[in-house]
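Chains as they are written, first to last, in numbering that gives the first Met the number 0: chain A, 0 to 241; chain B, 0 to 241.
Possibly wrong hints are sitting among the right ones.
Just so you know, same-sequence chains aren't split out, so a pair can sit in one copy or run between any two.
Said to hold, decoys possible - Lysine-lysine pairs mimicking PhoX-like chemistry, simulated, CA-CA at most 25 Å apart:
id	residue 1	residue 2
1	Lys122	Lys68
2	Lys143	Lys122
3	Lys143	Lys124
4	Lys109	Lys122
5	Lys38	Lys68
6	Lys91	Lys64
7	Lys38	Lys124
8	Lys68	Lys10
By construction, these hints were calculated from the structure, which means they are not laboratory data.
Now for the letters of each chain:
2 protein chains.
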Amino acid sequence: MSDELARRDVKALVFDVFGTVVDWRTSLIDDFSAWGKEKGIAADWTALVDAWRGAYVPSMDAVRKNPEKGFIKLDILHRQSLDMLIERFGIKGLSEADRDTINRGWHRLKPWPDSVAALTRLKTKFIIGPLSNGNVALLTNMAKNAGLPWDLILSAEVFEHFKPDPETYLGAARLLSLEPGEVMLVAAHNYDLQAAQSYGLKTAFVPRPTEYGPHQKIDFEATGDWTMVVRDLADLADRLGC
Amino acid sequence: MSDELARRDVKALVFDVFGTVVDWRTSLIDDFSAWGKEKGIAADWTALVDAWRGAYVPSMDAVRKNPEKGFIKLDILHRQSLDMLIERFGIKGLSEADRDTINRGWHRLKPWPDSVAALTRLKTKFIIGPLSNGNVALLTNMAKNAGLPWDLILSAEVFEHFKPDPETYLGAARLLSLEPGEVMLVAAHNYDLQAAQSYGLKTAFVPRPTEYGPHQKIDFEATGDWTMVVRDLADLADRLGC
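The following block holds chain A by itself, in its conformation from the complex:
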């Protein structure tokens, strides 16, 4: 029944990106390992990547809890966390340009194997776009690098609020000139779907059980009553008749 509901009502699919569409952890570890080897810079890149992602939610929460200080886009939060971690990990010999290259690793993330083909199919029947905490330039560059065929870029930066603030989900519907129930969030994270559902969006869970590698502790399966629960994005395209 939920497939029919989605097929009937939904006009736009908006996607969480980090973890849902792209494999940030493997991408960054591979990218930095190759780059470090070429540059002769030794570091435990895997540990750096995991610690960097660990700083992600706290860095956004600091912005969300201090709105009087203004919105800060993710590229800048990433860079602040990176500088702190380079210090903590004692990585030596990184110039300003090197730090910028590392920070832009998030612009070079690789899609999961099913993502590009499935998005291309979904685009034939739906408006598709990211709805991500990544900033507009990050998401735009990522799409060009990875071949993600978005119709438009929807970003926390446009709404000056990070997910799971309501301004993001409701802002996406507003810019699309759609009712919240005509928009479906596709995500690998139950907390994101929970928020979207509470503001009236439809929801699709896709498991990405290797997102955090050996550190994955949650989101192996759907924990809420989502509109759809799919195996991967190809399954989503199948079930939506694309």
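Please build the complex by placing chain B on the supplied structure of chain A, with the hints as guidance.
This is chain B only, laid out in the frame that chain A set:
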């Protein structure tokens, strides 16, 4: 020299849309004439389209001059003007659904013959997007209908300001994480380029001498010292080495 300057500095090309990328006048006249014939609704569709476009700048100026009343997206301004003109032209028998169909004619505009192929070439070397007074849904639907291969949608609606307000040009650079001088506005209208240049963007003029049909009075040629003056978008792609 200006071609070299643009090739060296510019990272993103943002496009005026109505008149520059799409032929709104012929598209709307053809669309409404065919639809009116099918529905048996008689009207001077050409006169309606010309009058409707005539109401465009005044309707945005009313929003620009009364910011305390809040921003109003173009679909709504178009609809207000349309309702007024249906009355004035004495067009009978239009239901609410009919009026919505006519209003969405702006979502169905057809590109000039050179647009899609040239944008596809330009996309290989530059970030490309509209920078239009059209709202996000209008521009997104138009791109899907017309096959415009934008990387992202930049709209007055996102900035809550219409061109030529500075918030639009500078907002585009900000969201792209670029300096104004790394962004080039491509437009068929000298006033738009004048504003963009005054805020530090690079500029490219493309003539569209049939945009207003027999009513075209200006913009047959470049009237400012723009970064580039091209024959059409294919010429722009040639000269930018795409």
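So which of those numbered hints doesn't the model satisfy? Violated: hints 1, 5, 6, 7, 8.
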